[in-house]
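Sequences are here, hints too, so could you generate the full structure?
4 protein chains.
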Amino acid sequence: MAARDKVRIGILGASGYTGAELLRLLRYHPQAEIRALTADRQAGKPLGAVFPHLAGEGLPDLVAIAEVDWSGLDFVFCGLPHGTTQEVVAGLPRHLKVCDLSADFRLADTATYAEWYGHPHRAPDLQTEAVYGLTELHRAAIGAARLVAVPGCYPTAAQLPLVPLLRADLIDPDDVIIDAKSGVSGAGRAAKESSLFCEVAEGIHAYGVAGHRHAPEIEQGLSAAAGRPVVVNFTPHLMPMNRGILETIYVRLAPGATLADLRAVLEAAYSGEPFVRVLPEGGLPATRHVRGTNLCLIGLSHDRLPHRAILVSAIDNLVKGASGQAIQDMNRMLGFPETTALEHRALFP
Amino acid sequence: MAARDKVRIGILGASGYTGAELLRLLRYHPQAEIRALTADRQAGKPLGAVFPHLAGEGLPDLVAIAEVDWSGLDFVFCGLPHGTTQEVVAGLPRHLKVCDLSADFRLADTATYAEWYGHPHRAPDLQTEAVYGLTELHRAAIGAARLVAVPGCYPTAAQLPLVPLLRADLIDPDDVIIDAKSGVSGAGRAAKESSLFCEVAEGIHAYGVAGHRHAPEIEQGLSAAAGRPVVVNFTPHLMPMNRGILETIYVRLAPGATLADLRAVLEAAYSGEPFVRVLPEGGLPATRHVRGTNLCLIGLSHDRLPHRAILVSAIDNLVKGASGQAIQDMNRMLGFPETTALEHRALFP
Amino acid sequence: MAARDKVRIGILGASGYTGAELLRLLRYHPQAEIRALTADRQAGKPLGAVFPHLAGEGLPDLVAIAEVDWSGLDFVFCGLPHGTTQEVVAGLPRHLKVCDLSADFRLADTATYAEWYGHPHRAPDLQTEAVYGLTELHRAAIGAARLVAVPGCYPTAAQLPLVPLLRADLIDPDDVIIDAKSGVSGAGRAAKESSLFCEVAEGIHAYGVAGHRHAPEIEQGLSAAAGRPVVVNFTPHLMPMNRGILETIYVRLAPGATLADLRAVLEAAYSGEPFVRVLPEGGLPATRHVRGTNLCLIGLSHDRLPHRAILVSAIDNLVKGASGQAIQDMNRMLGFPETTALEHRALFP
Amino acid sequence: MAARDKVRIGILGASGYTGAELLRLLRYHPQAEIRALTADRQAGKPLGAVFPHLAGEGLPDLVAIAEVDWSGLDFVFCGLPHGTTQEVVAGLPRHLKVCDLSADFRLADTATYAEWYGHPHRAPDLQTEAVYGLTELHRAAIGAARLVAVPGCYPTAAQLPLVPLLRADLIDPDDVIIDAKSGVSGAGRAAKESSLFCEVAEGIHAYGVAGHRHAPEIEQGLSAAAGRPVVVNFTPHLMPMNRGILETIYVRLAPGATLADLRAVLEAAYSGEPFVRVLPEGGLPATRHVRGTNLCLIGLSHDRLPHRAILVSAIDNLVKGASGQAIQDMNRMLGFPETTALEHRALFP
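Residue numbers (numbering that gives the first Met the number 0), protein chains in the order written: chain A, 0 to 348; chain B, 0 to 348; chain C, 0 to 348; chain D, 0 to 348.
Treat each hint with caution, since some may be false.
Any copy, or any two copies together, can satisfy a pair, since identical chains are not distinguished.
Okay, derived cross-link-like pairs now, SDA-like style, lysine to any residue, Cα gap no bigger than 25 Å in a straight line [stated by the list, open to error]:
1. 5 with 342
2. 44 with 281
3. 191 with 207
4. 191 with 51
5. 5 with 117
6. 191 with 303
7. 96 with 62
8. 5 with 120
9. 44 with 210
10. 191 with 89
11. 191 with 47
12. 44 with 262
13. 44 with 279
14. 96 with 60
15. 5 with 60
16. 96 with 189
17. 44 with 193
18. 5 with 67
19. 44 with 257
20. 44 with 276
21. 44 with 282
22. 44 with 300
23. 44 with 121
24. 5 with 167
25. 5 with 110
26. 191 with 230
In case anyone wonders, no lab produced these hints; they're calculated from the structure. Given the structure is predicted, the values throughout are model-derived calculations rather than measurements.
Here it is as structure tokens:
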């Protein structure tokens, strides 16, 4: 970067929803200069052909990855599918800083990766090098990183409320139940029957129960916080909305701990944070209150069951759960103010 | 009833969603003859003025309750708001059999009622007389009842999977967590800001956490099943769909119990039931699979947490959660085949 | 059929939405016996694998078309894609009566077919033999037909209000503008990006403007009614709902004609019809008032522009616009009462 | 304003959707300082009590109008109901510049106002003083105005495509048909049955046909453009989305005019405009492409009917149709760059 004013950015896999969201948000970044957009199957088309709402904005046409002149770039956001990502990133010149939005570099443990993804990692060195990009919890390491793995949407909404409580030994690490509800954009833009309007509208269902790949990612973060292996119940549901994740988290209090203790620890953990807000007593978040923002809202409630408590967190899965956090990470990696391009009020209704 | 072919039915509070749903379903009932429809504030209007989709069906005009000729009726469905219901039902002639869809007669214990509703019950004798109308679990009593309290929507979806497991001592009664998601029709047709399209669409939020009045109703049923007082976590969420309730229920297995045991007990409990289906291994229900039907679908899953399991139940809140179950109860009370008017395939998509 | 009680039915292409809807409705048909369900790519699976809401209903497994024993069938509903349909139907034994839901046999004129579909028809004899199945308008011919082409959803909602008016010379055939709004199920169950939840929810857009293949089908019907060639403006829009078509039709009155004349003609045309209802003055239909029903509701309004009028029609695109009308046609073809299996009240909300 | 850096702003009626949208957008305005927010029925509450998504943003508490210290304000946005607005605005000190979002000052003709609103205007002087705030069409007058009437959402989407064509005599003023589709936020935040989720979701219907109060507003603008009285067909529909208006406009070409002429005139009219975009040939807008933006997209299509054409316009009813245009007007009234706070990319999906 050195003395140049602007950071020259490439977005790989720009024709998906996270690509569109990066472009929406980077509009507000005075130092961001979009120089390359790739989409192999759409190469040669103007961006407006895949995203009419981004036509006429002066953004580059889509090209194939092979056509990118890497020397003209400083920074890459990678929004490719998991599996193929690791080889693409391994092939990038080392002068590039990279924020990867896939799952490929999120799991630090190679055995865990192989277990959940069914094959050994094909870029194990990079897997080790990569820093986990949950900004509020790994800020210093992100600032020094060349390759950041942007966390999954569900794991972001789970770890922000849970990690401080586990670090403070306020909840039982062996009794964490995460009931998560997500909008459909989390499934990406691939044409799948299960993402069709008629298969999603006017209904809700659980999926990936006890087998979703975000479970080991959550457990990795909670284990580090607890100082010992943690296994969780993570039960995602698909519901009829474009954006948003709500996680209702059921926890058992550690002996002697109270709901007030939980609140105090969370408020202290996030008191200076621009994007994480602990709601006042009686307040519980709604996903529509974070739509389009990089916020994570956290509410706490007592439970009718003794010695238990309820946490509720809400994020926009495409912002704090993906592209917004990626920009937040970029801001740290490049020394920009962390909130640049991310200070939005929610689009409601 | 005796020798007459048809049962002459009145519906009190016919201008709400449960009223409309009764009328939709009773269309299929060969013995049902709709003789009176009340809606005090809409008295004098044709039914089509409040429900255009029911215009032209030959149904009676709306009248005030005071105008009803009770001697011309055999059976009453009461869909009035809670609180006012108890006085109205207390004033009905005793020759009428009654299915009440409000909450007024669901709680058998007067102290519990007073605690949750803020005033002593105004018809305590009827509260004692009323039979709780969860058909599959109280069939015999319903058959002999004059006054049936149709269960709440959430309690129906909670008790059907949980009661057999508690009766069989297969789960820990002190560790039941019910995460419920409901469509908006559950809030009724009253013009409230919180039910506006723009306040509900494209989002989800929890409400009534640790304080919803369906909690004591659920606990009443589970306590009876467990043979001792049970308290539960019941956490409802409002989501953008017209109909449907999905409950994801997290349970701790009793010592020695396995998921296979739970499945065996539920399959045995409901093997002959027309409206409750335990899905085969690997199957989990979606609300869209029960839309418009009187079904309750139940799925089971193992949990990554040891010694725990996950149950998922789905109903249409307006059918099995209200008007359908009311008709099912009526069928029992009057000696009709229980499935009359209720054998529908789901409207999907 | 002769002396047999039940008609033995096969459904080709049963894994799409029209297939599911046929199965939902045929549940109410006392003479219908479902004997074969085909879905080439899903052959060998139980029906519940593609439609969980139809599991446990005792319906046949899915098979490939080649596996069907035609001698065991009396009647076939064909829900295959256009283009392939004509060859499949041409290969069916002649003892079968057929209701085809594709577009392949709707256009009687071979040149028009070739112009709009880009190739000559591959079964021109059948194209000539086929009877257009808009029941109210072609009842006699349908009763005598072996092969019926079930009309498109848009053309059904357009022709029902317009044909009687053109027959009576009450409107100008050269100034008909049809602004149509459809739910997403009209696009079928194919996994296409344009049908994804996130591409449809929270928005509306026009598509196929001045080029939709339902235009020539509408024009065919209107031309016959007017007694001379008619061209129309037909502008469809895709909107975020599962089911329903609303058509707002702008017409110019013939010299001397009044709105009252239009009303009188439509009321007379449909006075005895079970499924077409002309709303009283001031009434305009909503798609939610026909959800799940075989109804077509028609409303009329004066226009602020002189010598003009507005017609609004509403149908459920999967029922009167597809599977319901197919059953209505079958009832005529086989001599059953026309309303059998089709007398439903709308599912609202 | 003079030498002060910031404009001190009050928002009257801040608890509605247009109020929330003003606050969302003014977040991006470097010269805007929110000093007073009124909501008579919510006076005394923090803003977060009515808009949780705006809690924690440092915005003022809600007060009653009577409590406002007008001397501390420079500019007022008025988002009160029509009817009451005229008296409130009449009572404001004259040093305040005012953008009114109600309908009270949109109709310049007092007789027309009285006819459509059922009573004489109560501030006829202000009605005369007010400038109609469709920025692109009345820029100079807005710049000099003290009181601006922000246009209605429907009239904005209608006039932007139609006015240049009428000014250029390219279309027949006596044959304009506007089929409009709106999201529910256009109905405001009042708790009305017709705005309930269950009354709107999964359906569409026309309303206010031939009687909507936006018709005379549209006609006022088109009459001025045509140089003679114009009457239009304006047919609005309510559909299940939060935001967005799509208008499909059917026009008859003037003798000799072609679609290319229409395109040329519209492109010329809006070539330098930041917020109005004429899509290239073949392009038609979707409401989701303008969500959250101040854009109006316009597409043109030929019509199968000879000598006719189709125009399609899309806006976000809360932005270009209300609060965004109000800020655009404020920018002109106060000499700020017109695009300040309004340069957003659409939130998609």
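Hint check:
Taking the shortest alpha-carbon separations for residue 5 and residue 342, both the intra-copy value of 20 Å and the inter-copy value of 20 Å come in at or below 25 Å. In this homomeric assembly, residue 44 and residue 281 come within 25 Å of each other (Cα to Cα) only across copies, at 16 Å, whereas the closest approach inside a single copy is 51 Å. For the homomeric pair residue 191 and residue 207, the shortest alpha-carbon distances inside one copy (16 Å) and between copies (23 Å) are both at most 25 Å. Taking the shortest alpha-carbon separations for residue 191 and residue 51, both the intra-copy value of 21 Å and the inter-copy value of 17 Å come in at or below 25 Å.
With identical chains, the CA atoms of residue 5 and residue 117 are never at most 25 Å apart, being 41 Å at best within one copy and 52 Å at best between copies. Taking identical chains as interchangeable, the C-alpha atoms of residue 191 and residue 303 are never at most 25 Å apart, the minima being 41 Å within one chain and 28 Å between chains. Taking the closest pair of Cα atoms, residue 96 and residue 62 come within 25 Å of each other only inside a single copy of the chain (20 Å); across copies the shortest separation is 50 Å, beyond that limit. With identical chains, the CA atoms of residue 5 and residue 120 are never at most 25 Å apart, being 34 Å at best within one copy and 56 Å at best between copies.
In the homo-oligomer, the alpha carbons of residue 44 and residue 210 lie at most 25 Å apart only across protomers (24 Å), although the nearest pairing inside one protomer, at 38 Å, exceeds that limit. For the homomeric pair residue 191 and residue 89, neither the shortest alpha-carbon distance inside one copy (29 Å) nor that between copies (32 Å) is at most 25 Å. Taking the shortest Cα distances, residue 191 and residue 47 sit within 25 Å of each other both inside one copy (23 Å) and across copies (19 Å). In this assembly of identical chains, residue 44 and residue 262 lie within 25 Å of each other by CA distance solely across copies; the values are 24 Å between and 51 Å within a copy.
Proximity of residue 44 and residue 279 under a CA criterion of 25 Å is satisfied inter-copy only: 15 Å between copies versus 49 Å inside one chain copy. Only within a single protomer do residue 96 and residue 60 lie at most 25 Å apart by alpha-carbon distance; the minimum there is 22 Å, versus 44 Å between protomers. When the C-alpha separation of residue 5 and residue 60 is checked against a cutoff of 25 Å, the pair qualifies only within one copy, where the shortest distance is 20 Å, while the shortest distance between copies is 40 Å. For the homomeric pair residue 96 and residue 189, neither the shortest alpha-carbon distance inside one copy (27 Å) nor that between copies (40 Å) is at most 25 Å.
For a Cα distance limit of 25 Å, the shortest separation of residue 44 from residue 193 across copies, 18 Å, qualifies, whereas the shortest one inside one copy, 28 Å, does not. Taking the shortest Cα distances, residue 5 and residue 67 sit within 25 Å of each other inside one copy (19 Å), while across copies they are farther apart (45 Å). In this assembly of identical chains, residue 44 and residue 257 lie within 25 Å of each other by CA distance neither inside one copy nor across copies; the values are 58 Å within and 30 Å between. For a Cα distance limit of 25 Å, the shortest separation of residue 44 from residue 276 across copies, 20 Å, qualifies, whereas the shortest one inside one copy, 41 Å, does not.
In this homomeric assembly, residue 44 and residue 282 come within 25 Å of each other (Cα to Cα) only across copies, at 15 Å, whereas the closest approach inside a single copy is 47 Å. Taking the shortest Cα distances, residue 44 and residue 300 sit within 25 Å of each other only across copies (23 Å), while inside one copy they are farther apart (50 Å). For a Cα distance limit of 25 Å, the shortest separation of residue 44 from residue 121 qualifies neither inside one copy, at 31 Å, nor across copies, at 36 Å. Proximity of residue 5 to residue 167 under the C-alpha cut-off of 25 Å is found in neither arrangement, the shortest distances being 41 Å within a copy and 45 Å between copies.
With identical chains, the CA atoms of residue 5 and residue 110 are never at most 25 Å apart, being 40 Å at best within one copy and 59 Å at best between copies. In this homomeric assembly, residue 191 and residue 230 never come within 25 Å of each other (Cα to Cα): the closest approach is 31 Å inside a single copy and 38 Å across copies.
Against the hints set out earlier in the document, violations occur for numbers 5, 6, 8, 10, 16, 19, 23, 24, 25 and 26.
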